[in-house]
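Protein chains in written order, with this note's numbering: chain A, 120 to 378; chain B, 490 to 718.
If you're looking for bench data, these hints aren't it; they were derived computationally from the structure.
No incorrect hints appear here.
Distance ranges between label pairs, derived from CB positions:
1. A:A351 - B:F714: 30 to 38 Å
2. A:T124 - B:L530: 53 to 61 Å
3. B:L512 - A:H221: 23 to 31 Å
4. B:L527 - A:H221: 38 to 46 Å
Chain A stretches covered by chain B per the calculated footprint, using a threshold of three residues with CB under 8 Å from any CB of chain B:
5. 183-197
6. 220-231
Some residues of chain B that are not near chain A, with every Cβ distance over 10 Å (derived):
7. L522
8. Q541
9. V603
10. P619
11. V629
12. D685
13. G691
Note that the Cβ used here is the ideal one computed from N, Cα and C, for glycine as well.
Letter by letter, the chains look like this.
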Amino acid sequence: MPQTTIYVAPRLAGTLGTVPPAVATVELARLFGRSAALAGVSLTVEMGRTVALLGPNGAGKTTLLRILATAIRPSYGSLAIDGIDALRDPEQVRGRAVYLSHATGHYDDLTAAENLRFATAMFGWGDREGHAVALEALDTVGLADAAGQRVRTFSAGMRKRLALARILVARPSLLLLDEPHAALDGDGMALVDSLIGLWREAGVTVIVASHQADRVASLADATVRLDGGLLAEVSGPGVVAGPVGASQRPRTAVATVDR
Amino acid sequence: MNDLRRGFAVAVAIARKDAISELRGRQAAGSTLFFAALVLLLFGFALGPDSQRLAEAAPGLLWLAIVFGGLLTMARLHQLEADDGAFEQLALYPVDRRAIYAGKALAGAAAMLVLGGLLLPVVAILYAIPIGAAWVPLLVAVVLGAIGFAAVGTAYAGLTVRMRAREVMLPLLMLPVVAPLLLAAVKASVAALSGDPLGELGSWLQLLAAFDVIMLVVGAGTYGFLLED
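This is chain A alone, in the form it adopts within the complex (with noise of 0.2 Å):
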């Protein structure tokens, strides 16, 4: 993998200088009709941490990924990212919590580069740095010989190392991944674990949602495995089941590269 480097969002400091987690949820549920996506979970990660969010089909995954990213709204119970209340201020979250979902959300009649420098504008680049690490995040995923393609062109795989290069130009604190690995190759599939390593270098909390789970959980500090919109289990370092205060112990920055 060339050089790649990674942004983050600045650390926030909780009350009397300590560390708030970097997710708390209490009795977090979603429903769909009649049917409940999740059904109360109460989870607190600590920051830094890299989980690994398990479960099988229907568990509940993509919708508390989704509700974390603020990309939908609980139905009941609260949540907090970094110490911001989500539900109060989904605004404060987004470009901390950053979310790599199934769909790519990309512009077909726009190049891989157009789509980039786009991402770059949204998230607060200016032009000439946008461009620069537009460029970089490309040739960080192996988009550098189609930068000047139409995505409309693109295979699957292609469009997920896209959608890792946008995430690439963020500067999140918090990681969503929803299946990172999906439709990539072998290559592919290695590039997303590098990454998941270099952010949990750099102190993001990273939180993988993957049927892959001998793959993530190796990747992974801790543990979480859904299964009917409940907590099945939790284990591992930095998180646990159910609500904590933010954590007394404030936590040794970890070395990042920040611009």
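The hints should help you fit chain B onto chain A, whose structure is shown.
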């Protein structure tokens, strides 16, 4: 000031992205123009060769063609966002919702202006209307009409883009709201083409401008709610 500059940059980036997509999807843009021109042609045949009759009907038919073409344009500009989950991605960017609305409305107004600008000479040629000195007030009416239509159309296209029956819902919801705009635009066009004998052109243009301001403020204030789940 920084927020304003950032909002402006976001709006321009969105409008630019939409303009590129629209230009590259030439088939869609071309079919809209063809459809609008066909409406004018068919009405021309229906009204017959009476030049007086054609001249009287021309302002109304011009705006009828702009409305038909505009509805397709507004729907298409939001359809771009519906493909591949782009609308959700747009909603998740850390940007002011009003800037997103401004960008989409700017792209819509630009597309409407191009449509109106191309249809004006078509009307003049098909219906043999001597536009002469009336082109300035006519163009002002088209500009104000395009802004108002885009202001309303952007909000309603944002509302209907996630609906299954969006092609049906958009005109159903939008046309009653733009009725005052169309009335003022047609009246302003009639006044402009007839040399404004009653001195009412200014009042109709003022009404158009007021409509634009009100709809832009309302659209910017409500668009954020449309982006939420």
